[in-house]
Amino acid sequence: GENVEQHPSTLSVQEGDSAVIKCTYSDSASNYFPWYKQELGKRPQLIIDIRSNVGEKKDQRIAVTLNKTAKHFSLHITETQPEDSAVYFCAASKGYDMRFGAGTRLTVKP
Amino acid sequence: DTGVSQDPRHKITKRGQNVTFRCDPISEHNRLYWYRQTLGQGPEFLTYFQNEAQLEKSRLLSDRFSAERPKGSFSTLEIQRTEQGDSAMYLCASSQSGSSREQYFGPGTRLTVT
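Residue numbers (our numbering), protein chains in the order written: chain A, 1 to 110; chain B, 1 to 114.
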């Protein structure tokens, strides 16, 4: 089955800096890659997603890149703000089967 | 509230007892998923319904676990003879078949087995 690895497990940046989180997946049939943000005690919420026929997608300060050949994808957050502090999960999916990474705890220091 | 709802939000039970959780998806969503999340980990897939049909069960879902979605609307997840290892957050998500594959998560039910 699919295996998703996520790095780093914790990331601390200064407000205004960029943050990058990387994930790798094992199943080349996976074709949908969402990123979820989970604040403490709250539900995971989708922040951006990308499909396998696209290499890059951007939404304001958030961007995701996908390298299908290498089977890895990354989340980029620019101009970080304290409210970006949360746990971020990547996931890889084919059909309904979605597998999540273990998460990255991002701390943005003011 | 038009989001996914789950009930109860917290459940404390003694080992060996049975528990049942309920999930109400977004009304127009025909797909419903159950996940389990333990501290410091991402959600782990448990099972999936399309309408009332249960199409997939993870190997994580032992025979003590059962899920239903009788009318293709709300769903229940039952755990029989609970064990301490069942302590976790149980998340429900829903989505609509079609071009968008976004899954909308509920707030979860936190289960503590003492």
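Watch out, some of these pointers could steer you wrong.
Capping the alpha-carbon separation at 30 Å, the derived lysine-lysine pairs in DSS-like fashion look like this [as the list claims (entries may be wrong)]:
1) A/Lys109 <-> A/Lys22
2) A/Lys22 <-> A/Lys58
3) A/Lys94 <-> A/Lys109
4) A/Lys37 <-> A/Lys71
5) A/Lys58 <-> A/Lys42
6) A/Lys37 <-> B/Lys57
7) A/Lys57 <-> A/Lys68
8) A/Lys58 <-> A/Lys68
9) A/Lys57 <-> B/Lys11
10) A/Lys22 <-> B/Lys57
11) B/Lys71 <-> B/Lys57
12) A/Lys68 <-> A/Lys94
13) B/Lys14 <-> A/Lys22
14) A/Lys22 <-> A/Lys71
15) A/Lys109 <-> A/Lys68
16) A/Lys57 <-> A/Lys71
17) A/Lys42 <-> B/Lys14
18) A/Lys71 <-> A/Lys58
19) B/Lys14 <-> A/Lys94
20) B/Lys57 <-> A/Lys58
21) A/Lys71 <-> A/Lys94
22) B/Lys71 <-> A/Lys109
23) B/Lys57 <-> A/Lys71
24) A/Lys94 <-> A/Lys22
25) B/Lys57 <-> A/Lys68
26) B/Lys14 <-> A/Lys68
Calculated from the structure, these hints are not laboratory results. From a predicted model like this one, the values you see are computed outputs, not experimental measurements.
Each hint, compared with the structure:
no.: 1; hint: A/Lys109 <-> A/Lys22; in the structure: 21 Å, holds
no.: 2; hint: A/Lys22 <-> A/Lys58; in the structure: 16 Å, holds
no.: 3; hint: A/Lys94 <-> A/Lys109; in the structure: 36 Å, violated
no.: 4; hint: A/Lys37 <-> A/Lys71; in the structure: 22 Å, holds
no.: 5; hint: A/Lys58 <-> A/Lys42; in the structure: 25 Å, holds
no.: 6; hint: A/Lys37 <-> B/Lys57; in the structure: 26 Å, holds
no.: 7; hint: A/Lys57 <-> A/Lys68; in the structure: 14 Å, holds
no.: 8; hint: A/Lys58 <-> A/Lys68; in the structure: 18 Å, holds
no.: 9; hint: A/Lys57 <-> B/Lys11; in the structure: 40 Å, violated
no.: 10; hint: A/Lys22 <-> B/Lys57; in the structure: 29 Å, holds
no.: 11; hint: B/Lys71 <-> B/Lys57; in the structure: 19 Å, holds
no.: 12; hint: A/Lys68 <-> A/Lys94; in the structure: 14 Å, holds
no.: 13; hint: B/Lys14 <-> A/Lys22; in the structure: 40 Å, violated
no.: 14; hint: A/Lys22 <-> A/Lys71; in the structure: 11 Å, holds
no.: 15; hint: A/Lys109 <-> A/Lys68; in the structure: 33 Å, violated
no.: 16; hint: A/Lys57 <-> A/Lys71; in the structure: 16 Å, holds
no.: 17; hint: A/Lys42 <-> B/Lys14; in the structure: 25 Å, holds
no.: 18; hint: A/Lys71 <-> A/Lys58; in the structure: 19 Å, holds
no.: 19; hint: B/Lys14 <-> A/Lys94; in the structure: 38 Å, violated
no.: 20; hint: B/Lys57 <-> A/Lys58; in the structure: 34 Å, violated
no.: 21; hint: A/Lys71 <-> A/Lys94; in the structure: 14 Å, holds
no.: 22; hint: B/Lys71 <-> A/Lys109; in the structure: 48 Å, violated
no.: 23; hint: B/Lys57 <-> A/Lys71; in the structure: 26 Å, holds
no.: 24; hint: A/Lys94 <-> A/Lys22; in the structure: 19 Å, holds
no.: 25; hint: B/Lys57 <-> A/Lys68; in the structure: 28 Å, holds
no.: 26; hint: B/Lys14 <-> A/Lys68; in the structure: 47 Å, violated
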